[in-house]
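S.K.: Each chain is listed here by its residues.
Protein chains: 2
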Amino acid sequence: MIRIAVDAMGGDNAPGELVKGAVDAVNRKDDIEVLLIGREEAVTNELKKYTCPEGRLQLIPASEVIETDEHPVNAIRSKKDSSMVVGMSLVRRGEADGFVSAGNSGALLVGGQTIVGRIKGVERAPFGALIPTTKGVALLLDAGANVDARPSHLVQFARMGSIYMEHVVGLSRPRVGIVNIGTEEEKGNALVKETFPLLKACTDIHFTGSIEARDIPYGGADVIVCEAFTGNVILKMYEGVGGALLGLMKEGLMSSLRSKLGALLIKPALKETFKTFDASRYGGAPMLGLRGLVVKTHGNSKAVDVTQSILQCATFHEQGINEKIKESLDAGKGEQAAENQI
Amino acid sequence: MIRIAVDAMGGDNAPGELVKGAVDAVNRKDDIEVLLIGREEAVTNELKKYTCPEGRLQLIPASEVIETDEHPVNAIRSKKDSSMVVGMSLVRRGEADGFVSAGNSGALLVGGQTIVGRIKGVERAPFGALIPTTKGVALLLDAGANVDARPSHLVQFARMGSIYMEHVVGLSRPRVGIVNIGTEEEKGNALVKETFPLLKACTDIHFTGSIEARDIPYGGADVIVCEAFTGNVILKMYEGVGGALLGLMKEGLMSSLRSKLGALLIKPALKETFKTFDASRYGGAPMLGLRGLVVKTHGNSKAVDVTQSILQCATFHEQGINEKIKESLDAGKGEQAAENQI
Numbered sequence: 157m158i159r160i161a162v163d164a165m166g167g168d169n170a171p172g173e174l175v176k177g178a179v180d181a182v183n184r185k186d187d188i189e190v191l192l193i194g195r196e197e198a199v200t201n202e203l204k205k206y207t208c209p210e211g212r213l214q215l216i217p218a219s220e221v222i223e224t225d226e227h228p229v230n231a232i233r234s235k236k237d238s239s240m241v242v243g244m245s246l247v248r249r250g251e252a253d254g255f256v257s258a259g260n261s262g263a264l265l266v267g268g269q270t271i272v273g274r275i276k277g278v279e280r281a282p283f284g285a286l287i288p289t290t291k292g293v294a295l296l297l298d299a300g301a302n303v304d305a306r307p308s309h310l311v312q313f314a315r316m317g318s319i320y321m322e323h324v325v326g327l328s329r330p331r332v333g334i335v336n337i338g339t340e341e342e343k344g345n346a347l348v349k350e351t352f353p354l355l356k357a358c359t360d361i362h363f364t365g366s367i368e369a370r371d372i373p374y375g376g377a378d379v380i381v382c383e384a385f386t387g388n389v390i391l392k393m394y395e396g397v398g399g400a401l402l403g404l405m406k407e408g409l410m411s412s413l414r415s416k417l418g419a420l421l422i423k424p425a426l427k428e429t430f431k432t433f434d435a436s437r438y439g440g441a442p443m444l445g446l447r448g449l450v451v452k453t454h455g456n457s458k459a460v461d462v463t464q465s466i467l468q469c470a471t472f473h474e475q476g477i478n479e480k481i482k483e484s485l486d487a488g489k490g491e492q493a494a495e496n497q498i
Numbered sequence: 157m158i159r160i161a162v163d164a165m166g167g168d169n170a171p172g173e174l175v176k177g178a179v180d181a182v183n184r185k186d187d188i189e190v191l192l193i194g195r196e197e198a199v200t201n202e203l204k205k206y207t208c209p210e211g212r213l214q215l216i217p218a219s220e221v222i223e224t225d226e227h228p229v230n231a232i233r234s235k236k237d238s239s240m241v242v243g244m245s246l247v248r249r250g251e252a253d254g255f256v257s258a259g260n261s262g263a264l265l266v267g268g269q270t271i272v273g274r275i276k277g278v279e280r281a282p283f284g285a286l287i288p289t290t291k292g293v294a295l296l297l298d299a300g301a302n303v304d305a306r307p308s309h310l311v312q313f314a315r316m317g318s319i320y321m322e323h324v325v326g327l328s329r330p331r332v333g334i335v336n337i338g339t340e341e342e343k344g345n346a347l348v349k350e351t352f353p354l355l356k357a358c359t360d361i362h363f364t365g366s367i368e369a370r371d372i373p374y375g376g377a378d379v380i381v382c383e384a385f386t387g388n389v390i391l392k393m394y395e396g397v398g399g400a401l402l403g404l405m406k407e408g409l410m411s412s413l414r415s416k417l418g419a420l421l422i423k424p425a426l427k428e429t430f431k432t433f434d435a436s437r438y439g440g441a442p443m444l445g446l447r448g449l450v451v452k453t454h455g456n457s458k459a460v461d462v463t464q465s466i467l468q469c470a471t472f473h474e475q476g477i478n479e480k481i482k483e484s485l486d487a488g489k490g491e492q493a494a495e496n497q498i
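Protein chains in written order, with our numbering: chain A, 157 to 498; chain B, 157 to 498.
For the record, the hints were derived by calculation from the structure and aren't laboratory data. Since the model is a prediction, treat every value here as computed from it, not as a measurement. For each residue, glycine too, the CB sits at the ideal point set by N, CA and C. Some hints here could point you the wrong way.
Partial list, computed: chain B residues near chain A (C-beta under 10 Å) [claimed, not checked]: (1) G273; (2) V335; (3) A400; (4) L401; (5) I422; (6) K423; (7) F433; (8) A435.
Build the full structure now, drawing on both the sequences and the hints.
M.R.: Below you can see the structure in the form of structure tokens.
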């Protein structure tokens, strides 16, 4: 049995959609058990609405909730009985194999590092975001966990990201690119210039060189490595530019009777097309390099997103991703040592 | 008379659209003179197509052309008789007040720094990009000229950008924001944390704090200050996300007879709406802090973009922007000295 803990109190639609997502997950996959963490009465009331396989859904009481606008570090420190802290402690103690939350992202990042803890050998645990491209999906990391990273961190991100994309998302030989301001090898800031040759020397990843930001939405690489400040800017530009353009489009469509009529005609076709530009079917944003997978699903997640994220945690565990990460980092150390001897 | 030099050989539509743009500019504004720089025969052939006011359009011969894919530093060094090098030399010698080019951006940046040269007191000359927002236009700087900038550089960018947006674009009290990964004051990487209090202490700009990348397309600030690596990523994400979304949309619209019909109906309304999301009517990308304004207009510029960029150079000169920049930097130094005494 794979055991996944779910923060039943996090996000805009808690606990309703969280509980429903958990119920759907255990109904879809036989060998998982979900631990729902949250306020007893609220969660029980939701659970009553469904029937689900005996013993596969367990309520773990937690009296506190970390709100979206709370200061991450303070919240994690002071709310010891919050659904988030309780859930991550389960992963740390090995009582759960993964943790899913739609709550406060900052608190989740802090808790991941301080409560769940890193795998031995991992220098920094990156926040990986699954971003849509015209060709499918790419993994951007670090999307916001550790600013001012060093070259060795970026190399580890590349290794962990490759393993994730190959074994969880199912891409063979994922192309690894480093975000840069040009594609020539001499381009870049100090960090990129130092990291580039290190990535080139990695024998266990398929490094394809620099990727300019403009090529990211077109699927120019499958694993996109960068420092967290840059990664966060990329992630938020996706949201911002996408949202602003679609907003303008809607406004334009509503501006005249003629265009309103046109909007009715194009709606089904556009809906179908934009489905390809939606990464949520691959699950939430994974934090890699921790003792168990921590997945952040967006704040307004519906049951279907929660189910997807739970199944993502299950695949992560089944595929032994953390064992593969350990092996890869050990191999990396071996390469490094060999190089130092020469 | 204001004299603007134009690189007649740069960009995909040279020399045709460049020459036409220059002709239109002198016809639109009485007190400017345009120096067209390029291969004599090619430019003369284009000039023959138009009539224009006597003596207001002058051809300056230059036998070489820097191609788009050439290595910037090598090209500037070796092609002394290229339209770009000749044009920038005119600005350096004070024989032209500004320079417009649609050619190799990298070469233009290098030439700006090495040929035109900086105003005394300017530590780094940033590349400013005018980006569209749902509220109008914003100036992003540095959009790619100087990676790994220091806090004092960012403060100068903020001052120069404010002056530009106020006196060239015509916004009163432009809001200055620093790109950050959160809006709380303690957020950010080392550079942002160090720069934030310095911007806060500037009395001559309207600093409104951090701006997250997602708020940039919605017009969250008028002058957006960041280090060049980040700025270049922002600029290219605009292109990439915008292009990918519009591409998908077109594909979706062409997918069925029904949606094709819808597309015909919505076209005029959308065309009108997207006009607001287009910064090109404000001219090309200005390089600030140089002895004269250097404007990069995009590679596939049409005559209308060239005209716009020439008029932008004229406004820059008329408004005495460089004198204002000098005053502002001197005032900044005064503030700094006063602070150091305390």
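S.K.: So, for every hint listed, does it hold in this structure?
M.R.: Results for each hint:
no.	hint	verdict
1	G273	24 Å, violated
2	V335	7 Å, holds
3	A400	4 Å, holds
4	L401	6 Å, holds
5	I422	4 Å, holds
6	K423	8 Å, holds
7	F433	6 Å, holds
8	A435	13 Å, violated
The earlier numbered hints that this structure contradicts are 1 and 8.
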